[in-house]
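Student: Sequence:
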Amino acid sequence: MDILINSQQLLRLISVPPSSKPHEHPNHCLSVWVGFSSDENAKVSVFNFSNDVFSSDEISFDSSSQRLFFRRNFFTRAKEVKRIEVNDEHSYRAVRTALWCNFLVFSLKFGVWLATSSHVMLAEVVHSIVDFANQALLAYGLNSSRRAPDAMHPYGYSKERFVWSLISAVGIFCLGSGATIVHGFQNLWTSQSPIHIEYAALVIGGSFIIEGASLVVAIHAVRKGAAAEGMKLRDYIWRGHDPTSVAVMTEDGAAVTGLAIAAASLVAVNATGNPVYDPIGSIIVGNLLGLVAIFLIQRNRHALIGRAIDDHDMEKVLQFLKNDPVVDSVYDCKSEVIGPGFFRFKAEIDFNGTVLVQNYINRAGCDTWCRQFREAAHANDEAELLKAMSNYGEEVVTALGSEVDRLESEIKRIVPGIRHVDIEAHNPIP
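Counting in this note's numbering, the sequence shown runs from 1 upward without gaps.
These aren't lab readings, by the way, just hints derived from the structure by calculation.
Note that the coordinates shown come from a computational prediction; the quantities given were computed from them, not determined experimentally.
Treat the hints with caution; some may be incorrect.
Each computed EDC-like pair below joins lysine to aspartate or glutamate, with the alpha-carbon atoms no more than 16 angstroms apart [stated by the list, open to error]:
id, residue 1, residue 2
1, K334, D311
2, K346, E315
3, K346, E382
4, K346, E424
Here are the computed distance ranges between Cβ atoms for each label pair [claimed, not checked]:
id, residue 1, residue 2, range
5, F185, I414, 22 to 32 angstroms
6, H302, M389, 45 to 55 angstroms
7, K387, T354, 19 to 29 angstroms
8, L188, D150, 32 to 42 angstroms
9, G353, F373, 10 to 20 angstroms
10, G206, T272, 17 to 27 angstroms
11, T354, K334, 21 to 31 angstroms
12, H302, R96, 25 to 35 angstroms
13, K334, A115, 53 to 63 angstroms
Note that CB positions come from ideal geometry on N, CA and C, so glycine has one too.
Hey, can you work out the whole structure from these sequences and the hints?
Tutor: Here is the structure:
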């Protein structure tokens, strides 16, 4: 389970001196060790209060101190939880392909623009520059998001993808869409027919093939991501957890569409002799880029402000909690996306005390505690009775930790993408 208690609470829970290091009780029934790895890549040991630790054949009673002890280590390394890992290989491949394709296309378009002075070709040159810069931002975001969690960012840097995808989208809107539309309107009434249209046609055809190949790679990456998350392609484009491949696909799709618009504009100019179709094509390309930018901005904005997990996954978690006998009711359930495919979940639970105590007694053995209370009552010693009650209460608190850990482990098993679970005990009495 995630570490949800501080060191003082932990010391009170296991009743060992605060100065203890690797510590072992004199009767060798309880062995405690707390350690943290200095290797940032190593798995962090977690506290495991699972039910199997409290099996009845591993519990002994020390009559001299009137306490229960466990022969097994109280802290064990939890089994690695199954996780949803976004397949970065396909995203990296899509970004790398788009980078090289956009650089090649930019070189071709720039040469043709110098030769033809076409406004729509200038719009396409700006489009390619913006696309190349955006792919570089996406690649940087991919690398940044893979950094390991640290003290300043305990949940990791996975949201870096959303940040740089958002910056990329803003760049498309301002530089790609804005500059292209302004240039088109400036030349709407003063435009001249472009020269050497045949050069432009050849470059548009070659660019269409190059951008189309990049688009195919991006679509393949998006399909892989949708399959990994069990979502339809359309749903993944709108709500998928990896923004990088979707950004590449939409930008490449806009590039292919923009090339078709540029070709249509030049054909119209050549067929009619009216140069106005050239800046009109530039304006249309600019509006297309604006729509793509708005879509990407909205998509990444929802992720950055704390989007919840899918309703289907939340329903599975709530149904599990509802059906668990130790849970009376659930309050204030919240979830949040903390990275592509990673979530955290929080809930306040009103535990069924009767079931909780019964589960503990079944594990610890009723005879042991009954004998302890009978001896304290028979001795007619209030201090001994109070001590027995305190010991029993402490073990019940420990049992509550066991149940919390069990619930957290089950929640992570039901929805593997949930990385962090925060369960709090709810007091129904104000």
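Student: All hints are to be evaluated individually against the structure, with a verdict given for each.
Tutor: Evaluation of the provided hints:
no., hint, in the structure
1, K334 with D311, "holds (12 angstroms)"
2, K346 with E315, "holds (14 angstroms)"
3, K346 with E382, "violated (42 angstroms)"
4, K346 with E424, "holds (8 angstroms)"
5, F185 with I414: 22 to 32 angstroms, "violated (55 angstroms)"
6, H302 with M389: 45 to 55 angstroms, "holds (52 angstroms)"
7, K387 with T354: 19 to 29 angstroms, "holds (24 angstroms)"
8, L188 with D150: 32 to 42 angstroms, "violated (53 angstroms)"
9, G353 with F373: 10 to 20 angstroms, "holds (18 angstroms)"
10, G206 with T272: 17 to 27 angstroms, "holds (25 angstroms)"
11, T354 with K334: 21 to 31 angstroms, "holds (28 angstroms)"
12, H302 with R96: 25 to 35 angstroms, "holds (27 angstroms)"
13, K334 with A115: 53 to 63 angstroms, "holds (59 angstroms)"
Violated hints, listed in ascending order, are 3, 5, 8; each of the other numbered hints is respected by the structure.
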